[in-house]
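Undergrad: Based on the provided sequences and hints, a complete structural model is requested.
The listed protein sequences derive, respectively, from chains A and B. Letter by letter, the first sequence follows residues 1 to 342 of full-length UniProt numbering. Letter by letter, the second sequence follows residues 1 to 342 of full-length UniProt numbering.
It is worth saying that the hints were derived from the structure and are not from the lab. Values in this document were obtained by computation on a predicted structure and should not be read as measured data. A portion of the hints provided could be inaccurate.
One copy or two, either will do: identical chains are not told apart, so a pair holds if it fits within one copy or between any two.
As the list claims (entries may be wrong) - List of simulated lysine-lysine pairs, BS3-like, C-alpha gap at most 27 angstroms: (1) 253 to 270; (2) 268 to 142; (3) 253 to 195; (4) 142 to 195.
2 protein chains.
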Amino acid sequence: MSAEPGTPKTTLPIALDAVGGDHGAAPNVEGAVQAARAGVPVLLVGPRVALHAELGKHPGSASLPLDVVDASDVIGMEEHASDVRGRTGASINVCTRLVKEGRAAAAVSMGHSGATMASALLTLGRVRGVDRPAILTHLPSKQGFVTLLDVGANADVKAAYLAQWARLATVYLRVVEDRENPTVGLLSIGEEPHKGSQLVLEAHGLLRELHGHGINFHGNVEGRDLFQGTTDIVVTDGFTGNVVLKLAEGEAKVLFGWVREALGGSLKTKVGGLLVRPALRGLAERMDPSTYGASILIGVRGLAFIGHGSADARAVKNALLRAARAHEADLIARLEAALAPT
Amino acid sequence: MSAEPGTPKTTLPIALDAVGGDHGAAPNVEGAVQAARAGVPVLLVGPRVALHAELGKHPGSASLPLDVVDASDVIGMEEHASDVRGRTGASINVCTRLVKEGRAAAAVSMGHSGATMASALLTLGRVRGVDRPAILTHLPSKQGFVTLLDVGANADVKAAYLAQWARLATVYLRVVEDRENPTVGLLSIGEEPHKGSQLVLEAHGLLRELHGHGINFHGNVEGRDLFQGTTDIVVTDGFTGNVVLKLAEGEAKVLFGWVREALGGSLKTKVGGLLVRPALRGLAERMDPSTYGASILIGVRGLAFIGHGSADARAVKNALLRAARAHEADLIARLEAALAPT
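TA: What follows is the structure, given as structure tokens:
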């Protein structure tokens, strides 16, 4: 977090893929307006005329640090990630190029996550010492939140990737979230070091060697430890991590549906509604993924964030603020210093 | 399900590892008494004197179809699964031997799950055509429940195992749970056939070939589909399945804790308590793993079930009833017929 929370000192703007996501320009532009009001300058990347029309709906936006960068093409949600190659005019490619050229501090997109990863990798490359970038995200837990990676960029991995991700996530939490010595758990199917897949057994050995040298390795954790918040960070392959993320979101949705259903009788009475509704709203807030805004593509040599396709303005705003914070904290340089071969 | 639900026709008793689990003999004996009252004969396997003392606490149990088979040794929860080798007097080994010798219909244990799997495999072997048995369990879903396998027996797998498990689970649901043509989903990180790990891509091909020949293949499913109940069966490797199972249980526990906390104010008022408490009780029941009782070791050539170490009497009773139903339905012969090479 910045010294003065909520008022980042960034002057370099954040490039926002302003037409990415399920709902097109509206939530992106609204989120950008909110971020700009909080002091974060934004470059809205997309079809110029449409974006200016959308900006026109926000009175006073003309005086905010907002600019439009024209991009006529967009990678649709149904296209392949590899379609970013050669589509130089696609909004996500324009965003990552602005970062590469030093004209933007970070690229943020609520659009096609595979395409965003591909564009970021092709344009910005990797931090030295990193074989494969990962998607780092946050899940709610009893301790606030737990940081999980990889949640989908790498379905097949090597043990060395997991060790690199543990180091990257440690720097990220220290620099961006002010956690001094975050603990790292390795997701497995038993706490004992001898339990797990061949991959996990090998990764356990690598992480144990790194303990005290760049990471604070707690040991193996299990599925139940995620919501318990046993460790600050949980590393796993992108297949398991993606299943975990989607299960966690899907289960919360179904369980809260059951709670509402079970409390239906109470909600229908006036007194029941007064007693129960505020509590349910508080809970929904706690579980809302838009609190975190977006996930960072960690290990890319430049700041790139991807969010939910269904992101609302609040999620877009929070993603932009988080990107500004990462830039201020000089995250990429800190990652490079930490991963540099000694 | 039997023709007359709740009153299985079994005459061959079920062998219960009566000292397995976190709470020793008490819940096992109480569950056995309840099952015997429901018409299922049980062999209580464990230290004779202690079990008779426990039985003495249940008035009228002397007239029930309950017998004690002495076993002085027990595999502790902290021992290794491989410790079952050579420990012929261990309660779990006595249970599986009773099945092997045709003196019991099934073995049921709430004890060390790895040891139970090892004992069942060593003593009973595998159904022909099955490379590796799996642990098959049930998770609650919007559609009632979803059947998930493997949840932990095989951390490293081959695509062929997943295809075999799809066939085994299909027969199980048809024979034991009366689901005529259950759908099979392959757990992946995208619905599209080209998404997933190398293992999943290969398994997808095998399952597609089997569609219409022993299984009803729906295609890939994602983490969010588990609680949605998109398919009746979900197949995955034992690493991912174990993480899923423990995450699902752990998340439910934490989320319901938050619900209770959020509703705390309401629960403290008299009217709030009256409105909210019954609803929360109904929900807890829905999520209670003891409804299913235990998981079957599917692919073993003989009936073997393992339950939670924390199982209560209700879980033990339900496990015994389910084992009796599987025996009545001649599950093992039906599995062998379905998997026989043609």
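Undergrad: The structure should be examined with respect to each hint, and the outcome stated for every one.
TA: Each hint tested on the structure:
Proximity of residue 253 and residue 270 under a CA criterion of 27 angstroms is satisfied intra-copy only: 25 angstroms inside one chain copy versus 29 angstroms between copies. In this assembly of identical chains, residue 268 and residue 142 lie within 27 angstroms of each other by CA distance solely across copies; the values are 23 angstroms between and 31 angstroms within a copy. For the identical chains of this complex, residue 253 and residue 195 are inter-copy neighbours only, at 24 angstroms across copies versus 32 angstroms inside a copy, given an alpha-carbon limit of 27 angstroms. With identical chains, the CA atoms of residue 142 and residue 195 are at most 27 angstroms apart within one copy only, with a shortest distance of 26 angstroms there and 32 angstroms across copies.
Checked against the numbered hints above, the structure breaks none of them.
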